[in-house]
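Participant: Below are the chains, spelled out letter by letter.
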Amino acid sequence: MPLNSEKVKKDFPILKRGIIYFDNAATTQKPRVLAERLAERYAKSHANVHRGAYKMAEETTEAFENARQKIADFLSAESSKEIIFTRNATEAINLVAYSFGRKLKRGDRILTCVSEHHSNFVPWLRVAKERGLKLDVVELTANHNFNFADFRKKLNKKTKLVAVAHISNVSGYIYPVERITREAHRVGALVLIDGAQSVGHMPVNVKKIGCDFFAFSGHKMLGPSGIGALWGREEILKNMEPFMSGGEMIREVTLKNVTWNDLPWRFEAGTPNIEGAILWGEAIDYLKKIGMKNIEAYERELLKHALLKMKKLPFIDLMKMLDLGGRTGIISFNIKGVHPHDASTMLDQYGICVRAGTHCAQPFMNHLGVPSTLRASFYLYNTKREIDYFIRALKEIHKKFI
Amino acid sequence: MRMNDIYQELIMEHARNPRNVGVIRGAKKILAKNPFCGDEAEIYLKIKNNKVIDIKYQIQGCILSRASLSIFSEYIKGKSTSAVSKIKDEDIFKMIGGTPSPSRQKCVLFGCEAIHANLDTWPKKNPSTRLMTRRSQK
Ligand SMILES: Cc1ncc(COP(=O)(O)O)c(C=O)c1O
Chain D
30 MPLNSEKVKK DFPILKRGII YFDNAATTQK PRVLAERLAE RYAKSHANVH RGAYKMAEET
90 TEAFENARQK IADFLSAESS KEIIFTRNAT EAINLVAYSF GRKLKRGDRI LTCVSEHHSN
150 FVPWLRVAKE RGLKLDVVEL TANHNFNFAD FRKKLNKKTK LVAVAHISNV SGYIYPVERI
210 TREAHRVGAL VLIDGAQSVG HMPVNVKKIG CDFFAFSGHK MLGPSGIGAL WGREEILKNM
270 EPFMSGGEMI REVTLKNVTW NDLPWRFEAG TPNIEGAILW GEAIDYLKKI GMKNIEAYER
330 ELLKHALLKM KKLPFIDLMK MLDLGGRTGI ISFNIKGVHP HDASTMLDQY GICVRAGTHC
390 AQPFMNHLGV PSTLRASFYL YNTKREIDYF IRALKEIHKK FI
Chain L
10 MRMNDIYQEL IMEHARNPRN VGVIRGAKKI LAKNPFCGDE AEIYLKIKNN KVIDIKYQIQ
70 GCILSRASLS IFSEYIKGKS TSAVSKIKDE DIFKMIGGTP SPSRQKCVLF GCEAIHANLD
130 TWPKKNPSTR LMTRRSQK
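Line by line, the protein sequences are chains D and L.
When you line the first sequence up against our numbering, it's residues 30 to 431, in that order.
When you line the second sequence up against our numbering, it's residues 10 to 147, in that order.
Extracted from the complex, chain D is given alone in its bound form (with noise of 0.2 Å):
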């Protein structure tokens, strides 16, 4: 059954503040259900997990235990084991730049991409400053797509891991890589996918994918924020060393030596983020009874009714990101002569929520020669009739400005 938009916006009572919510790549509004399961759980049923061994410890261990499967399911990960709690994607990626990338050596070569966001980009640079490493850069096409020949030049033996992103929060273009995982093992490199974008907005399935990690954050699918995860692939995370040190990620401790407790958990020193797991765990299970196939079809729905109505209009500059195919809900775009803050200022006067600034990707603005971008991303409860009051806003604004 197609996701019946006006039905699902009433799963989520913000938008009732009479918002028109496009900021959906920085993070998305969460349903009713998630408001409803947290004052639940705190009023029947909390404790540490992994440490008492009461009932009480031991449901809450359990829910959290189940959330953590119902994420490495959604993923298709082989198992939970694989499935490592973080803070967000920046922090599952900074987890691979300790662990894996500390142990690279002088002459070791990184490969990311010049569109990557600051967080799968600034960790590489610094760990490539660190130990010596060459950090590569692939270049992007005439229309600001991943461009697959340049990677392919800037490959080779030396290069340890590839890390790029699965969606760009800037274009909305979906990178093709299963093929850059295929790549990229040919000549031994390890593969890491910044999936911040994709997961909640398309099925993803990281067997078919290939690769060796996939970072993502739970607040961009609908989940709470200060929860995220690195999937990574066991016989891989196995031989990695921990991150950060502590409690619950130890098995046994001496005054002069500590042993590494199993996978998922030597990765998780602390208290873990428990109520954010299983929120997010909830948040998962709302994705799938809408069906992940049936959001990804409504987000090009909606991308094609934008983008074909911001075609026509003169004075918008699109910065030849022009394709209606590859790309889920993201269009970065100007008003020619009016500055991004300015007309961000007037959308939100509209009650339009977008971005404007530089979406924590500099070299990719810098890419595109301009300081900075607006910004609308979709997703399931937003509509065509929101869009449309969206572009006679835009009209009105170059009308006032100009």
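Fair warning: there could be bad hints in the mix.
Said to hold, decoys possible - Calculated pairs, DSS-like style, for lysine-lysine (alpha carbon to alpha carbon, straight line, at most 25 Å):
(1) Lys429(D) - Lys103(L)
(2) Lys42(L) - Lys365(D)
(3) Lys349(D) - Lys413(D)
Note that these hints are calculated values from the structure, not bench results.
The structure displayed is predicted, hence computed values, not measured ones.
Could you slot chain L with the ligand onto chain D? The hints should help.
Facilitator: Chain L with the ligand only, in chain D's frame:
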């Protein structure tokens, strides 16, 4: 006072016809940058006998930043450096006709802050507004 529509007449008029745009040869050049959006200004200050005798600038920025720098430059021309250094964020908001929302305050202030920082007496400004305007870059 809070702005409902910050793009009122005064702001739009200054953004369209900014005062004191240009360069002053041989004067001190100040670079100002808004880290939030990458907007930039080059400001030239001529100070003699502790008095701002001339100011010119070139700016690439939003309406709010262009208008604010224009209004501020008019205001400080001819004033003593000690008087200029006493100007607080709130005074600047008054000059432009209202307080913008937190995410836009830096647009108004970044040029003025650079000028302040380059007067000899760097003022200790109201800490609460300093906090509000110090926004980091994600
Ligand atoms: C592509 C991409 N990667 C990484 C991140 C970082 O996500 P988080 O801030 O949740 O760690 C984002 C979110 O802004 C993103 O869009």
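Participant: Starting from Lys429(D), check that the Cα of Lys103(L) is at most 25 Å away, please.
Facilitator: 24 Å, holds
Participant: Hint check: Lys42(L) vs Lys365(D), CA-CA at most 25 Å. Holds or violated?
Facilitator: 22 Å, holds
Participant: Holds or violated: are the alpha carbons of Lys349(D) and Lys413(D) at most 25 Å from each other?
Facilitator: Given that 25 Å is the threshold and the Cα spacing comes to 23 Å, the pair holds.
Hint check: no violations occur; every hint is consistent with the structure.
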